[in-house]
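Enquirer: Sequence:
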Amino acid sequence: MNIIISPVTMQDINVLQDLSIETFSETFGQQNPPEDLELYLEKAFNPQQLTKEIMDSNTNFYFIFQEALLAGYIKLKNASLPEHSFLGKALEVERIYVRKAYQHLGLGKHLLDFASEEAQRTHKEYLWLSVWEHNPTAYGFYKSQGYVECGSRHFHLGTLAQTDLIMKKEIRRTIMQTVTVDKNFWELFPEAQLYTLVVNNMNNHAHDLAPYQDLLKEAFKASEKFLVEDDFKENFVISEWRDIFTQFKKKKGARSSIEALLKRVTQGKELAPINPLVDIYNSISLRYGVPCGGEDLDKINGDLHLGLAKGGEDFYPLGAQKSEPALPQEIIYYDLDGAICRSLNWREAQRTMLTEETTNAILVIEAVTPSQQERSLEAIQELQAKIKDMLGVESELQIISNT
1 MNIIISPVTM
11 QDINVLQDLS
21 IETFSETFGQ
31 QNPPEDLELY
41 LEKAFNPQQL
51 TKEIMDSNTN
61 FYFIFQEALL
71 AGYIKLKNAS
81 LPEHSFLGKA
91 LEVERIYVRK
101 AYQHLGLGKH
111 LLDFASEEAQ
121 RTHKEYLWLS
131 VWEHNPTAYG
141 FYKSQGYVEC
151 GSRHFHLGTL
161 AQTDLIMKKE
171 IRRTIMQTVT
181 VDKNFWELFP
191 EAQLYTLVVN
201 NMNNHAHDLA
211 PYQDLLKEAF
221 KASEKFLVED
231 DFKENFVISE
241 WRDIFTQFKK
251 KKGARSSIEA
261 LLKRVTQGKE
271 LAPINPLVDI
281 YNSISLRYGV
291 PCGGEDLDKI
301 NGDLHLGLAK
311 GGEDFYPLGA
321 QKSEPALPQE
331 IIYYDLDGAI
341 CRSLNWREAQ
351 RTMLTEETTN
361 AILVIEAVTP
371 SQQERSLEAI
381 QELQAKIKDM
391 LGVESELQII
401 SNT
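Here the UniProt record's numbering is used: the first residue of the sequence shown is 1, the next is one more, and so on.
These aren't lab readings, by the way, just hints derived from the structure by calculation. Remember, it's a predicted structure, so these values are computed and weren't measured experimentally. Please note that a few of the clues may not be correct.
As the list claims (entries may be wrong) - PhoX-like, lysine-lysine: derived pairs with alpha carbons at most 25 Å apart:
(1) K217 / K322
(2) K221 / K143
(3) K77 / K143
(4) K89 / K100
(5) K249 / K322
(6) K225 / K109
(7) K299 / K386
(8) K322 / K299
(9) K109 / K143
(10) K217 / K249
(11) K143 / K252
(12) K109 / K77
(13) K310 / K299
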């Protein structure tokens, strides 16, 4: 069975109007007085009203075709109910109708599955809809698709007061669990290893800054063991990362993130708390002399990749008003929307940065040479333990290599 779901455009107004009137009448015509039905159809489906809805940036209509024949439609809307706080990040299935001749072919399920995909894509927490209390068939169908009753609301069909039951479905997003490393990265650094932690469902608000201030101060002091040479650049951690950074294209002045932290140590500039997860990974970076970065998984569009840039990938660092795009052959972390971190671990994008509102995150430590691997493994293991101890959540550790 060939099924296609496609967006409704302004050119489809007349078709949408006819389809809306036809399917609504088929569904509710026999249970409601003709005069009330007529009043509702005229108000809800006139061209001006449908035009207004199509032009609404929070609303999208989609036709469903079966074997190239128009079979129904769905209307999705970014909307929550004020009296139902759990619907904060929600997508409403405001209308879903299948023509009578195409019912019992599974098209309603196709439309609801499409709604779930849209909710996943737009990072919604819930789908919700309302169903007339005297429509047990629809109620049973929605229940079979994972929707549960959670409330009710009143509306008027013409002059007739009626009640809709509200049903919701939690969206269980498939969260990206790792980094996809491109072949061109392994060709440049065949012995490299990535150590990643995925943290889900955390509370990243600090109710007491003192533990994080102490953590950073202790790490600040511990990092002095990596600064034994009078000439800053001659310290092994610094010189090794500078050598690595000569092997790919980068913006002038770009350095490893661990160099930036250790530079602060030599200047006596202690780190102030930012947010719990960032404070924890900064402390680990200092203690072990390794670069560590983190991204908000809910802000990543598609998969997270590490590889050589084509050049021109959008990149907005913290506070930037315009893009500072990646250079050709620069090593970057990237997704469908552009660069996430430039020059391997030099600078991160504002759009995926970790904030107090972050609940799902990925943390990465890179070991490009074999000499960095033991220290990096110890670092990621302590990072995992600190997250459990201070944030009360488990995290998933993965080691990625070219084998």
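Enquirer: Sort out which numbered hints this structure fails and list those numbers smallest first.
Expert: 1, 2, 4, 6, 10 and 11
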